[in-house]
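A.B. asks: I would like the entire structure built from these sequences, with the hints used as guidance.
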Amino acid sequence: MTVIPFQQVLDAHRDAVWRVCVAVAGRDEAEDAFQETWLSALRAYPRLGEGANVRAWLLTIAHRKAIDVHRGRARRPIVTDRLPEAAAPPEPERDDGLWDAVRELPPGQRAAITLRYAGDLRPVEVAEVLGISDDAVRRRIADGLKNLRLEVQPA
Amino acid sequence: MSRLAAPTTPPPADLLARLAARAAEEGLLDVAYARVDSPLGPLVAAVTPAGLVRLAYEDFNGGLDVVVEDLAARISPRVLEAPARLDDIRRQLDEYFERRRDRFDVPVDLTLARGFGRRILEATAAIPFGETRSYREVAEAAGNGKATRAAGNALGANPIPIVVPCHRVLRTGGGLGGYTGGVEKKETLLRIEGVLL
Chain A
206 MTVIPFQQVL
216 DAHRDAVWRV
226 CVAVAGRDEA
236 EDAFQETWLS
246 ALRAYPRLGE
256 GANVRAWLLT
266 IAHRKAIDVH
276 RGRARRPIVT
286 DRLPEAAAPP
296 EPERDDGLWD
306 AVRELPPGQR
316 AAITLRYAGD
326 LRPVEVAEVL
336 GISDDAVRRR
346 IADGLKNLRL
356 EVQPA
Chain B
4 MSRLAAPTTP
14 PPADLLARLA
24 ARAAEEGLLD
34 VAYARVDSPL
44 GPLVAAVTPA
54 GLVRLAYEDF
64 NGGLDVVVED
74 LAARISPRVL
84 EAPARLDDIR
94 RQLDEYFERR
104 RDRFDVPVDL
114 TLARGFGRRI
124 LEATAAIPFG
134 ETRSYREVAE
144 AAGNGKATRA
154 AGNALGANPI
164 PIVVPCHRVL
174 RTGGGLGGYT
184 GGVEKKETLL
194 RIEGVLL
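Those sequence lines, one after another, are chains A and B. Read left to right, the first sequence gives residues 206 to 360 (our numbering). Read left to right, the second sequence gives residues 4 to 200 (our numbering).
Hint data in this document are derived by calculation from the structure and do not stem from the laboratory. The C-beta atom is built at its ideal place from N, Cα and C for all residues, glycine as well. Each hint should be verified, as a subset may be incorrect.
Not everything, but these chain A residues come out facing chain B in the computed CB check (under 8 angstroms) [as the list claims (entries may be wrong)]: (1) 220; (2) 223; (3) 325.
Residues of chain A clear of chain B, computed beta-carbon distances all greater than 10 angstroms [as the list claims (entries may be wrong)]: (4) 228; (5) 236; (6) 276; (7) 313; (8) 329.
C.D. replies: This is the structure in structure tokens:
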């Protein structure tokens with residue numbers, strides 16, 4: 206049996222994990238979610254069964270951790286000693302504006318869309334991660350995309 | 004819009020370094036490794052929480068991946084590249100190769116050697132800079148003066164060459180004997196230590 210060093214797992218999947226963290230938690234909280242994901246994975250790694258779908262396993266953790274981080278942050282009050290006097294400078298150009306909209310989707314649709322398009326899992330793998338049928342995944346993705354289109358380009 | 008593009012900016016460069024540091028803090032990093040350049044060619048150095056566990060001549064041991072996979076199989080799969088954790092040994096090796104250091108002050112983890120082989124390496128670790136011993140003398144120090152062949156095998160499989168100075172063990176009568184990594188490396192090390200001119 207070959208034992209795959211954890212570093213090789215990290216190298217192979219860190220970009221997908223990062224994308225899911227950004228998509229679910231937002232750019233500012235993605236770093237915490239990313240760290241928590243890999244620490245949790247490292248803790249469990251020696252017990253991971255042979256032949257496991259490592260990518261799906263990691264993205265399951267990433268999705269859960271990113272939701273935790275995002276929720277935890279949302280509950281905490283923002284401490285500030287003064288109000289800004291002028292409008293903040295515009296944010297640098299980002300490619301994830303749409304992901305802000307994804308975060309507002311109902312949780313089922315959000316999860317399916319995030320794992321499919323940020324994690325690049327196949328629908329059958331998304332189904333495995335979420336514990337639902339392949340058809341249900343396709344339905345959630347279709348509904349989610351429809352909702353996004355309504356939000357982004359109101360009719 | 005029928006296709007949603009993934010967020011594409013890569014993770015920040017320092018995030019992975021911070022991840023390795025936190026993994027170590029939380030006791031989750033069983034083996035940390037890094038490449039170390041040396042006048043003898045690239046080395047792969049690895050530490051466990053107990054100390055330096057491996058120093059491999061990269062070219063002679065099948066390359067970085069092979070060395071790291073071997074560590075994962077023999078010690079633990081919780082292996083990360085974490086150069087910051089090898090800073091101390093890297094600095095000491097640099098000083099040694101620049102002839103500014105004649106002993107290594109790093110804890111050594113001989114986990115990869117067992118039984119008599121481990122005793123041979125412990126006896127070898129006690130040979131001072133610039134001195135040499137014969138295979139028989141090392142075997143004697145390890146408790147069995149007749150086991151010179153076993154001593155040779157244990158030294159050939161030394162997981163931590165240079166720091167556990169198997170290059171200081173020579174044939175009776177002064178022949179160099181073999182060396183993990185090729186005998187020219189042994190000559191270079193003995194020259195650094197002033198044993199060979």
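A.B. asks: Take the hints in turn and mark each one as holding or not.
C.D. replies: Here is what the structure says about each hint:
Interface restraint check: residue 220/A against chain B, minimum CB-CB distance 6 angstroms, threshold 8 angstroms, status holds. For residue 223/A, the interface hint holds, since its Cβ comes within 8 angstroms of a Cβ in chain B; the closest pair sits about 4 angstroms apart. Using the Cβ-Cβ criterion of 8 angstroms, the hint placing residue 325/A at the interface with chain B is satisfied: the shortest such distance is roughly 7 angstroms. Not every C-beta of chain B lies more than 10 angstroms from that of residue 228/A, the closest at about 6 angstroms, which undercuts listing it as non-interface.
Interface exclusion of residue 236/A from chain B breaks down, the closest Cβ pair being 6 angstroms apart, not more than 10 angstroms. Even its closest Cβ contact with chain B, about 20 angstroms, leaves residue 276/A beyond 10 angstroms, as expected for a residue assigned away from the interface. Residue 313/A, annotated as away from the interface, keeps every beta carbon of chain B farther than 10 angstroms; the closest lies near 16 angstroms. Distance to chain B confirms residue 329/A as a non-interface residue, since its nearest Cβ pair spans about 19 angstroms, more than 10 angstroms.
Of the numbered hints stated above, those contradicted by the structure are hints 4, 5, listed in ascending order.
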